[in-house]
Amino acid sequence: MISNDTYVEIEYYQKTKTGEDVCGDDFKTVSLEDESRYIAVLSDGLGSGIKASLLANMTTAMALKFATRDMEILQSSEIIMDSLPVCEVRKISYATFSIVDILASGKVRITEMDNPEFIHLRGHEEIHHEKLKQVSSNWPDRELQLSNFEVMPEDRIIFFSDGVSQAGLGNKPHKFGWKREGCLEYALQCINNQPQISARTLSRAIVTQACGMNPQCRCIDDITCAVVYFRKPRRLRLLTGPPFKKDNDSEYANYVVNFEGRTIICGGTTAQILARELNREIKTHLFMRNNGLPPTSEMEGVSMITEGILTLTEVARCMENTVPQQEMAPAVKDMINMFMESDVIEFIVGTKVNEAHQDPSLPVDLEIRRNIIKKIKNLLETLYRKKVFMKYI
Amino acid sequence: MDKIKVEICVGTTCFILGASELQELERFLPEGLRDKVDITGATCLGMCKDDNYGQAPFVRVGNRIVSNASISSVIEQIEEQLKHR
Ligand code: FES
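Protein sequence lines correspond, in order, to chains R and U. Position 151, counted from 1, in the first sequence is what the numbering used here calls 151; the numbers after and before it change by one each time, with no gaps. Position 46, counted from 1, in the second sequence is what the numbering used here calls 46; the numbers after and before it change by one each time, with no gaps.
Listed below are the simulated DSSO-like cross-link pairs for lysine-lysine, each with C-alpha atoms no more than 27 Å apart in a straight line:
(1) U:Lys3 <-> R:Lys283
(2) R:Lys51 <-> R:Lys15
(3) R:Lys283 <-> U:Lys49
(4) R:Lys374 <-> U:Lys49
(5) R:Lys283 <-> U:Lys5
(6) R:Lys352 <-> U:Lys49
(7) R:Lys245 <-> U:Lys49
Cβ-Cβ distance ranges computed for the label pairs, FRET-style:
(8) U:Glu24 <-> R:Thr208: 39 to 49 Å
(9) R:Ser36 <-> U:Arg27: 51 to 61 Å
(10) U:Asp50 <-> R:Pro153: 48 to 58 Å
(11) R:Tyr255 <-> U:Gly54: 33 to 43 Å
(12) U:Gly54 <-> R:Asp5: 50 to 60 Å
(13) R:Glu260 <-> U:Gln81: 43 to 53 Å
(14) R:Asp5 <-> U:Asp51: 47 to 57 Å
(15) U:Arg85 <-> R:Tyr255: 40 to 50 Å
(16) U:Lys5 <-> R:His124: 51 to 61 Å
(17) U:Asp50 <-> R:Ala61: 58 to 68 Å
(18) U:Glu24 <-> R:Glu341: 32 to 42 Å
(19) U:Arg85 <-> R:Pro233: 48 to 58 Å
(20) U:Lys5 <-> R:Glu277: 22 to 32 Å
(21) U:Gln55 <-> R:Glu341: 38 to 48 Å
It is worth saying that the hints were derived from the structure and are not from the lab. Note that beta-carbon positions come from the ideal geometry of N, C-alpha and C, so glycine has one too.
Please build the complete structure, drawing on both the sequences and the hints.
Next up, the structure:
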């Protein structure tokens with residue numbers, strides 16, 4: 001049973017076979033019915049490149065649809081197998097799949113066809129499950145494996161394409177590939193080093209490690225790994241703008257003190273108010289190079305302090321246009337990374353009007369602040385599946 | 001002798017109106033002044049919201065505010081204050 005305070009973090013990472021333009025593995029996930037149910041699907045298309053990508057994409061799209069509609073699994077798989085285009089050369093149509101269906105109550109149902117078997121971890125221990133086998137009479141050599149079980153908070157489910165388990169195949173020291181056992185051992189090692197390791201970081205670590213098994217780190221196959229982590233939500237709170245009424249300053253400061261999570265402050269005046277209320281000192285990194293943005297500052301108990309409007313505008317722009325990390329200003333990069341490494345994000349927006357009147361052309365304006373935050377909120381929800389709350393004060 | 005504290009505001013208003021260049025102040029300081037000042041940044045000195053202070057960018061030198069600050073006007077103010085010590 002998982003409680004209300006458990007966040008289901010679902011992340012994946014993949015690398016395309018060296019020399020191919022598109023990945024022949026596909027991963028898709030949805031959250032349904034107000035986040036009371038999540039479905040994730042991983043498929044590996046036969047071969048590599050565009051043909052494989054097509055097979056994998058068709059498979060994940062169909063599997064996701066059927067699972068969402070609670071269609072009978074054997075029938076769904078038959079439809080998938082029947083409708084995949086047949087390869088000219090090999091005269092077969094083929095794509096593997098793993099469907100992971102998670103209910104908020106903690107019930108998990110996994111259906112696998114020909115992918116390496118999933119791994120269920122509770123802390124440092126692997127949990128094995130009895131699997132029910134089903135075979136369609138039309139496709140006698142495609143066996144479905146069904147598992148039903150319950151998860152607990154802090155459990156992890158790891159599943160991957162054979163690019164992971166066969167990594168290093170034919171080369172010492174893993175002549176027969178890294179195998180599921182190798183991946184399991186590595187995942188345990190990662191968790192040992194970092195017990196709260198996120199699904200995002202773990203999936204990346206596994207794929208990178210798998211890739212490194214191959215000579216010259218070339219990908220001899222598409223490599224995909226997905227991780228589901230039933231975690232305590234990592235919370236982030238971002239405060240920006242002075243409160244509407246001065247009387248609210250102390251309430252505002254409470255948002256920093258009484259909080260279990262990371263805090264970001266965006267805005268010079270905001271930082272001043274909080275420093276005064278909390279009786280803490282602000283240090284500004286005057287000589288820091290921040291690619292044309294004002295420098296950041298620091299204060300005890302706060303993860304990050306930046307200037308307000310200019311920095312937030314740049315954050316929104318970089319998120320929207322998926323600007324590569326190395327081209328971002330350091331403050332922008334750090335803030336976006338903090339967003340990524342959080343599950344629940346709260347924006348506390350101060351609504352004091354008429355902030356700066358020195359120059360009416362300056363974009364220091366409440367409406368702008370509100371709009372940028374709304375935009376960032378939207379991007380976080382739609383592109384990154386974060387839970388975002390907003391409060392005006 | 002105590003160093004003179006120089007606070008360069010790098011809040012939004014000041015930054016846009018020229019504080020980005022003021023950040024370089026230390027590089028332009030004459031040799032003789034270097035060890036006499038202590039340069040720091042400030043998130044917003046609050047003057048941009050008050051009509052009584054003139055135009056941004058603002059720099060606080062000791063306990064005086066330099067408005068519409070430039071590297072040369074800040075250096076002038078530092079020298080001025082050193083004279084009266
Ligand atoms: S931004 Fe410089 S005084 Fe407000």
